[in-house]
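Please construct the entire structure, taking both the sequences and the accompanying hints into account.
There are 2 protein chains.
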Amino acid sequence: MTTALPPQSALGLHRVIDPPGVLPQAAWRLDPNPAIARDEVRVRVDRLNLDAASYRQIRETYAGDPDKIRAAVGEIVATRGKMQNPVTGSGGMLTGTVEEVGPDSPLGLRPGQRIATLVSLTLTPLAISDGLLRWDGQSEQVPCEGHAILFARSIAAVLPDDLPVPLSLAVMDVCGAPALTRRVVSPGSVVLVIGAAGKSGSLSAAVARRAGAARVIGVVPTEAEAALLRGTGGLVDEIVIADARDPVNLAAKVAAAGGPADVTVVCVDVAGCEGGAILSTAQGGTVIFFSMATSFSGAALGAEGMAADVTMLVGNGYVPGHAELALDLLRGTPSLRALFERRVLEGERR
Amino acid sequence: MTTALPPQSALGLHRVIDPPGVLPQAAWRLDPNPAIARDEVRVRVDRLNLDAASYRQIRETYAGDPDKIRAAVGEIVATRGKMQNPVTGSGGMLTGTVEEVGPDSPLGLRPGQRIATLVSLTLTPLAISDGLLRWDGQSEQVPCEGHAILFARSIAAVLPDDLPVPLSLAVMDVCGAPALTRRVVSPGSVVLVIGAAGKSGSLSAAVARRAGAARVIGVVPTEAEAALLRGTGGLVDEIVIADARDPVNLAAKVAAAGGPADVTVVCVDVAGCEGGAILSTAQGGTVIFFSMATSFSGAALGAEGMAADVTMLVGNGYVPGHAELALDLLRGTPSLRALFERRVLEGERR
Numbered sequence: 491m492t493t494a495l496p497p498q499s500a501l502g503l504h505r506v507i508d509p510p511g512v513l514p515q516a517a518w519r520l521d522p523n524p525a526i527a528r529d530e531v532r533v534r535v536d537r538l539n540l541d542a543a544s545y546r547q548i549r550e551t552y553a554g555d556p557d558k559i560r561a562a563v564g565e566i567v568a569t570r571g572k573m574q575n576p577v578t579g580s581g582g583m584l585t586g587t588v589e590e591v592g593p594d595s596p597l598g599l600r601p602g603q604r605i606a607t608l609v610s611l612t613l614t615p616l617a618i619s620d621g622l623l624r625w626d627g628q629s630e631q632v633p634c635e636g637h638a639i640l641f642a643r644s645i646a647a648v649l650p651d652d653l654p655v656p657l658s659l660a661v662m663d664v665c666g667a668p669a670l671t672r673r674v675v676s677p678g679s680v681v682l683v684i685g686a687a688g689k690s691g692s693l694s695a696a697v698a699r700r701a702g703a704a705r706v707i708g709v710v711p712t713e714a715e716a717a718l719l720r721g722t723g724g725l726v727d728e729i730v731i732a733d734a735r736d737p738v739n740l741a742a743k744v745a746a747a748g749g750p751a752d753v754t755v756v757c758v759d760v761a762g763c764e765g766g767a768i769l770s771t772a773q774g775g776t777v778i779f780f781s782m783a784t785s786f787s788g789a790a791l792g793a794e795g796m797a798a799d800v801t802m803l804v805g806n807g808y809v810p811g812h813a814e815l816a817l818d819l820l821r822g823t824p825s826l827r828a829l830f831e832r833r834v835l836e837g838e839r840r
Numbered sequence: 491m492t493t494a495l496p497p498q499s500a501l502g503l504h505r506v507i508d509p510p511g512v513l514p515q516a517a518w519r520l521d522p523n524p525a526i527a528r529d530e531v532r533v534r535v536d537r538l539n540l541d542a543a544s545y546r547q548i549r550e551t552y553a554g555d556p557d558k559i560r561a562a563v564g565e566i567v568a569t570r571g572k573m574q575n576p577v578t579g580s581g582g583m584l585t586g587t588v589e590e591v592g593p594d595s596p597l598g599l600r601p602g603q604r605i606a607t608l609v610s611l612t613l614t615p616l617a618i619s620d621g622l623l624r625w626d627g628q629s630e631q632v633p634c635e636g637h638a639i640l641f642a643r644s645i646a647a648v649l650p651d652d653l654p655v656p657l658s659l660a661v662m663d664v665c666g667a668p669a670l671t672r673r674v675v676s677p678g679s680v681v682l683v684i685g686a687a688g689k690s691g692s693l694s695a696a697v698a699r700r701a702g703a704a705r706v707i708g709v710v711p712t713e714a715e716a717a718l719l720r721g722t723g724g725l726v727d728e729i730v731i732a733d734a735r736d737p738v739n740l741a742a743k744v745a746a747a748g749g750p751a752d753v754t755v756v757c758v759d760v761a762g763c764e765g766g767a768i769l770s771t772a773q774g775g776t777v778i779f780f781s782m783a784t785s786f787s788g789a790a791l792g793a794e795g796m797a798a799d800v801t802m803l804v805g806n807g808y809v810p811g812h813a814e815l816a817l818d819l820l821r822g823t824p825s826l827r828a829l830f831e832r833r834v835l836e837g838e839r840r
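Protein chains in written order, with my numbering: chain W, 491 to 840; chain A, 491 to 840.
Derived by calculation from the structure, the hints in this document are not laboratory data. No false leads were slipped in.
Since copy identity is lost for identical chains, a pair holds within one copy or between any two.
Derived pair list, reagent style SDA-like, types lysine to any residue, alpha-carbon separation capped at 20 Å:
| no. | residue 1 | residue 2 |
| --- | --- | --- |
| 1 | K558 | R546 |
| 2 | K743 | A500 |
| 3 | K743 | G511 |
| 4 | K743 | L503 |
| 5 | K558 | A542 |
| 6 | K743 | H504 |
| 7 | K743 | A714 |
| 8 | K743 | R720 |
Now the structure itself:
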């Protein structure tokens with residue numbers, strides 16, 4: 491394979507077939523041609539990790555029939571040149587080995603490295619060559635053979651040698667949360683993490699501590715989750731058991747635990763947590779919403795309705811160096827690692 | 491009327507009848523008892539300004555029949571103790587005259603002042619006493635008699651003497667946008683305003699200029715809007731006519747006009763503008779989303795998918811001093827005032 495093509499759009503616009511001129515994520519069909527441009531990378535794929543919502547939709551549509559599930563996923567990839575479920579709109583990520591690196595690629599990858607993509611499959615050109623025969627269709631983990639293309643602005647992380655792959659993937663899946671939290675927390679702050687026993691929540695709590703937070707308060711929904719968090723020994727200073735959808739009750743309990751917070755990090759994928767997060771945050775404070783269940787209007791109108799002068803951030807999943815930071819946190823925080831290992835065993839999704 | 495009740499919750503929790511313990515906005519029913527607590531204010535209401543979506547839903551349900559429309563709104567207020575359309579969930583705002591101020595109210599109001607509420611009717615205890623007889627049911631402007639209650643954290647602004655009331659209301663309706671924009675713009679920045687000929691957009695452009703922006707680029711959808719903006723003479727430095735829903739095209743045109751932007755302000759209530767805003771913003775820049783049509787996941791996943799290291803802010807409608815700032819901008823910028831007067835004449839909604 492030669493790098494015959496000229497350097498192309500860092501965002502992959504040149505791979506968009508239909509409709510022309512849109513971004514790859516918005517496209518119906520991408521061109522997965524294995525010949526790479528000077529700024530692209532080709533990856534030999536070994537596994538897809540389908541988005542949970544996408545896999546569930548396909549499994550339910552075909553009543554769990556493995557042949558039909560395989561055929562459906564194969565058909566999507568063959569038709570669209572990417573794995574983007576047309577119903578849910580979602581994708582997932584992949585792991586594989588770097589096969590060829592264009593001379594102008596800025597990603598810093600080398601052939602032979604084992605990587606995971608941190609951009610969505612919904613914008614990654616992909617071709618499958620083995621008919622998905624090794625996949626039993628019974629989970630969103632899809633062992634397969636094929637290739638994928640990374641653009642100059644695609645994000646990928648080298649899988650570290652010192653950690654099991656499922657553990658690294660679990661960390662990378664949520665690594666934007668601790669990276670952005672680190673930017674916002676200043677020494678001496680009171681930090682509130684809603685969903686502190688989850689993956690993004692525990693990483694955010696750990697990084698808040700490292701950033702010099704004076705007090706870290708973790709909110710969990712149940713006594714079982716509280717026990718899990720307690721078992722980490724020191725990831726948070728105070729544990730609050732509360733329904734985060736009940737603003738008044740949450741804010742009262744947070745106040746009793748040393749709040750309100752200077753920085754609140756919302757990491758629980760449950761709708762209706764905007765009001766509680768805002769009400770638990772001090773005037774002049776910041777709320778970072780990482781939950782994909784966040785309602786934009788719920789946050790905007792909620793703050794206005796409570797005359798809450800808080801800065802509200804949309805949790806951007808990309809911060810430079812985010813994967814390295816998160817893996818480093820895991821390595822340096824044994825209690826965090828233990829919690830993650832348990833989550834991975836449980837097969838918990840973010 | 492005496493201030494017989496003890497000071498109560500700044501957020502009005504004590505006025506919530508059903509279900510107990512929720513915030514007033516989430517309540518089915520509030521108590522509009524005219525006896526105020528020590529930190530409350532009672533307002534003699536003269537006009538409701540129904541949310542456009544709410545009014546449209548009611549009008550369509552009753553096929554424009556004035557008696558039925560009046561009865562429907564009257565019934566909602568009588569049943570719920572506030573004006574919150576059960577279908578749309580939205581409210582609106584009101585104007586009136588301050589009647590009684592509790593001794594512990596922090597709002598700084600005095601009896602006799604004419605005010606507008608800047609918090610939603612969805613959380614404002616309200617009673618109507620004239621059966622809405624003066625309302626023809628043909629617009630969302632509802633002249634009426636009754637009273638409303640302001641809590642310690644309700645936001646209200648005194649209507650200035652030197653400006654027509656409709657003009658002041660139009661400014662106050664969107665005053666959060668310039669206030670937050672001023673906080674974010676630093677001298678020398680390139681500022682992009684998407685929807686620059688609208689109310690929140692033109693105010694944001696004006697405040698960006700005042701904050702020392704080196705260049706203000708305004709995006710509008712049509713030549714007609716461009717002409718309107720051009721007529722303001724200097725509100726923006728560059729006008730870009732583009733469909734903000736097309737990220738690639740928008741970013742290219744913004745680049746040609748002196749972009750990418752350090753700060754992008756999204757003021758156009760059209761869905762699907764997240765990608766274009768992000769792509770038109772420089773790495774390390776900030777996007778402020780004021781549009782209620784913003785998709786949280788569209789913003790979060792869009793930035794991640796483009797490896798865009800941008801700070802994304804949820805446009806909080808409340809910033810201390812926001813109404814005064816916006817009115818002051820209008821007074822000091824004749825071109826802005828001319829544009830607003832035209833918008834008010836057109837009856838344009840944000």
